[in-house]
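*Asks:* So you can see what is in the structure, the chains are spelled out below.
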Amino acid sequence: MNKNRLRRTMMFAPGNNPSMIQDAHIYGADSIMMDLEDSVALAQKDAARLLVYNALKSCNYGNTELVVRVNPLSTPYGMQDIEAVVRAGVHVVRMPKTETAQDVVECDEQITRVERECGREVGSTLIMAAIESALGVVNAYAIATASPRMMGIALGAEDYSANLKTNRSKEGIELLLARQTIVVAARAAGIDALDTVFSDLNDMEGFANEIKLIKQLGFDGKSVINPRQIPIVHNIFAPESQQIEKSLNIIRAMQEATAKGSGVISLKGKMIDRPVLLRAQRTIDLAIASGIISKDELYGYEVENNG
Amino acid sequence: MDKQQEIKNVAQSLNMKPYKKGWNSATHDRSYVPRIELQTQSSKLVDLETAIMKSGLKDGMTISFHHHFREGDKIINMVVDKLAQMGYRDLQLASSSLSDVHAPLIKHIQNGVITRIQTSGLRGELADAISHGLMDNPVIFRSHGGRAAAIENGELHIDVAFLGASSCDYLGNANGYSRSGREKSICGSLGYAKVDAENADKVIILTDNIVTYPNVPVTISEGDVDYIVLVDEVGDASKISSGAIRDTKNPHDILLAETAAKVVEHSGYFYDGFSLQTGSGGASLAVTKYLREAMITKNIKARYALGGITSHMVKLHEEGLIDKLLDVQSFDLVAATSLKNNRFHQQISASTYANPFENGSAINWLDVVILSALEVDTEFNVNVLTGSNGVIRGAIGGHPDTAAGAALSIVVVPLIRGRIPCVVDKVTTLITTGDCVDVVVTDQGVAVNPARPEIEQRLRKAKLPIMSIQELKDKAESVIGKPDSLVFGEKIVGVVTSRDGAVLDTIHQIIDEQI
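Those sequence lines, one after another, are chains A and B.
Counting from 1, position 111 in the first sequence corresponds to residue 111 in this note's numbering; the numbering is continuous, with no gaps.
Counting from 1, position 487 in the second sequence corresponds to residue 487 in this note's numbering; the numbering is continuous, with no gaps.
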């Protein structure tokens, strides 16, 4: 499993909807998240689990990252969900309503057990945790670092704002602290930060504004609920040409340094720090994913982080 | 010689007659009645029963109708009810198409009034009953171009045409709209009906809106019209045409439309002055919207758009992106209104549109056509008529005509509909032959007919997701498996003709599986 990859968009698909599950990847989302939790009625839990299990086993989703949101372990369904999806080879288990590091540890233990039982490499299943309460926000860093499986943390804004005793506004002022806390915790832990869904499909302008905001805050991407939202996110996350050019120069300088066997990378007489290099790599990954440049244009550059 | 004698002699030598006061008895009498009043006394205006009797219709003859009123049509049921009541039997019904609303024909087939049908399509209960063996004679399916040709060359002889119109003047000039503003419904073009009007032995116009002469510009001309019948309503206005075709919000359709627009853009046929047509179906109709952006960016204008005209097309026409519209059928109210108001939105007959034997048919001057499908097979053959359950549920329309006529034909189809694969080994019913299908666009990849390697090369260069048709079929099967084959009976319920009138395929009675 690739922990470091682009996650600009994670598209939700209800786990009990076969037609949405079977081709959820065709709209170009970086990740698809099949849901066994809130979008599935209690009476449908078993059917959805079976469907998602078979979809993971038999459908070819190409390079798309496959995430399943399981029910909490505190419910009668959580354990069965983990059993099914880990066996089916899911890339990432998404935990809902995560409040403490202990929640992650328990989930990790169960995943480890199932991996052993089914002969899957231990540690190959990643975890991401959705933080949906004040307690979860307070514990964000502890959650982010609770397991080596952790690949990201995400904000679940509906439950969170209810927990805060407020409601969601268009501007999202009530989410600011949570968003910033999650980005900071994710960065400190070296994992991804993903923003909450935007549910008004008739307000594409509001959606675009929110993407600009969360990109500026430092998020890696956003959960989306409809394919129509995907190109909007990808366009806003697409780097500008000047930025790409600069990044390409940095990468080429690195390639030259490597070729010379030199550990020090310099560009136009200035030394390149590691953070600058990492940012340049991410820009190039984004540019490739956005179709602005092709891999062929990067002589010798390995696209390590993409897929 | 006196003048009178001279006139007599000259008339005789020229085999003419000398003038006599009051003229020949067949000549129209002079009248001093104000003409606005006089026209209301038109002898063509009769009730339906009189019109039928006077038309000379006999048992065993062929009657025809058009489908411009779509699901709102009340003409066919009304006329056949009347014919049944008058005791007619063994009639052949030749409509340009039939739909859900024509289910009442089932009883007239059972009681022997209608014994043969020719149409472009069948839907709903009628289609279901026919698929299950309702009729003794198979339905003859013709494309729009094929039907026009068959009528013109006499293969399909129409004895009496019953043609609904949104307006007609007292002399028989009929249109799919009117300038009186009092029409109850507006369908726009009467392109399919035009062929019937020009070729049927007798023509009866049925309208709910008689207007004063002259109802110009004229679609069906008074010279072709024998009788005019005033009816309460020709149909349900809201189902004949309403509003603009709505932008599809179905993500599959949007993805298909965007991909198809990219295919057009990079096909080599996207040049300033190109021509295009889009077929029915959410995805193919939506292509116009996405093509518009590329047209603006690349400063490309279309010379004409053809076929079923939609609000999308009208928008581009009014923006100056499409020079002219050739309209055989107006798909929505915006298109119908544009036909009435826009000078270069031209109505054309089905023959001018798609007659396979005429070089001048508009389809032959098309660069690009974008069509939909129920199924495509690995030979690029297309089925638009029978569903995956073997039941008739569609219409040939202009599919094979435009695919054959255009320089580039693109078929858009989802790889999978629900649990049904749309790319298959062999289509259930062959409608458009694979040699006329150049590109198949699905939501999971694009396949180019091996006969068009130059197009494949261009599309690959543009980074479109090119796959072989076989790969697409395998992909569909890998998700949903291979469906069991259908169980058909011996009885042939439908005959599909090719656009030149040959027998292309047969449709057998479907046997419902016993569960």
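Mixed in with the good hints, there may be bad ones.
[Stated by the list, open to error] Heads up, simulated BS3-like pairs for lysine-lysine below, C-alpha to C-alpha not over 25 Å straight-line:
id, chain 1, residue 1, chain 2, residue 2
1, B, K184, B, K340
2, B, K289, B, K58
3, B, K340, B, K315
4, A, K260, A, K295
5, A, K246, A, K212
6, A, K212, A, K170
7, B, K463, A, K295
8, B, K298, B, K262
9, B, K298, B, K461
10, B, K340, B, K289
11, A, K270, A, K260
12, A, K3, A, K260
13, B, K262, A, K295
14, A, K57, B, K482
15, B, K475, A, K57
16, A, K170, B, K340
17, B, K463, B, K482
18, B, K107, A, K295
[As the list claims (entries may be wrong)] One side of the interface only, derived from the structure: several residues of chain B facing chain A at Cβ under 8 Å:
id, residue
19, V46
20, P251
21, L255
22, I416
23, D443
24, Q444
25, S478
26, V479
27, P483
In case anyone wonders, no lab produced these hints; they're calculated from the structure.
All residues carry an ideal CB built from backbone N, CA and C; glycine is no exception.
*Asks:* All the hints need checking, so say for each whether the structure fits it.
*Replies:* Evaluated hints:
1. B:K184 with B:K340: Between K184 of chain B and K340 of chain B the Cα gap is close to 15 Å, so the pair holds against 25 Å.
2. B:K289 with B:K58: Judged against 25 Å, a Cα distance of about 50 Å means the pair is violated.
3. B:K340 with B:K315: holds, 15 Å
4. A:K260 with A:K295: holds, 23 Å
5. A:K246 with A:K212: Measuring from Cα to Cα gives roughly 22 Å; hence the hint holds.
6. A:K212 with A:K170: The hint holds at about 14 Å.
7. B:K463 with A:K295: holds, 12 Å
8. B:K298 with B:K262: holds, 13 Å
9. B:K298 with B:K461: Holds, at about 18 Å.
10. B:K340 with B:K289: Since the Cα atoms of K340 of chain B and K289 of chain B sit roughly 23 Å apart, the hinted pair holds (cutoff 25 Å).
11. A:K270 with A:K260: holds, 17 Å
12. A:K3 with A:K260: This hinted pair is violated, its Cα atoms lying about 30 Å apart.
13. B:K262 with A:K295: Measuring from Cα to Cα gives roughly 21 Å; hence the hint holds.
14. A:K57 with B:K482: Given that 25 Å is the threshold and the Cα spacing comes to 18 Å, the pair holds.
15. B:K475 with A:K57: Holds - the C-alpha atoms of K57 of chain A and K475 of chain B are around 15 Å apart, at most 25 Å.
16. A:K170 with B:K340: violated, 45 Å
17. B:K463 with B:K482: Judged against 25 Å, a Cα distance of about 30 Å means the pair is violated.
18. B:K107 with A:K295: Answer violated: K107 of chain B to K295 of chain A is near 66 Å, above 25 Å.
19. V46: Violated. Min distance 54 Å.
20. P251: Since chain A brings a Cβ to about 4 Å from P251 of chain B, closer than 8 Å, the hint holds.
21. L255: With a closest approach of 6 Å, the L255 of chain B hint holds.
22. I416: It holds, given that the least Cβ distance between I416 of chain B and chain A is near 7 Å, below 8 Å.
23. D443: holds, 5 Å
24. Q444: Q444 of chain B check passes; min Cβ-Cβ to chain A is 5 Å, inside 8 Å.
25. S478: Holds, about 6 Å.
26. V479: At about 5 Å, which falls below the 8 Å cut-off, the nearest Cβ of chain A leaves the hint on V479 of chain B intact, so it holds.
27. P483: Check failed: Cβ of P483 of chain B comes no nearer than 15 Å to chain A, outside 8 Å.
In summary, the numbered hints that this structure violates are 2, 12, 16, 17, 18, 19, 27.
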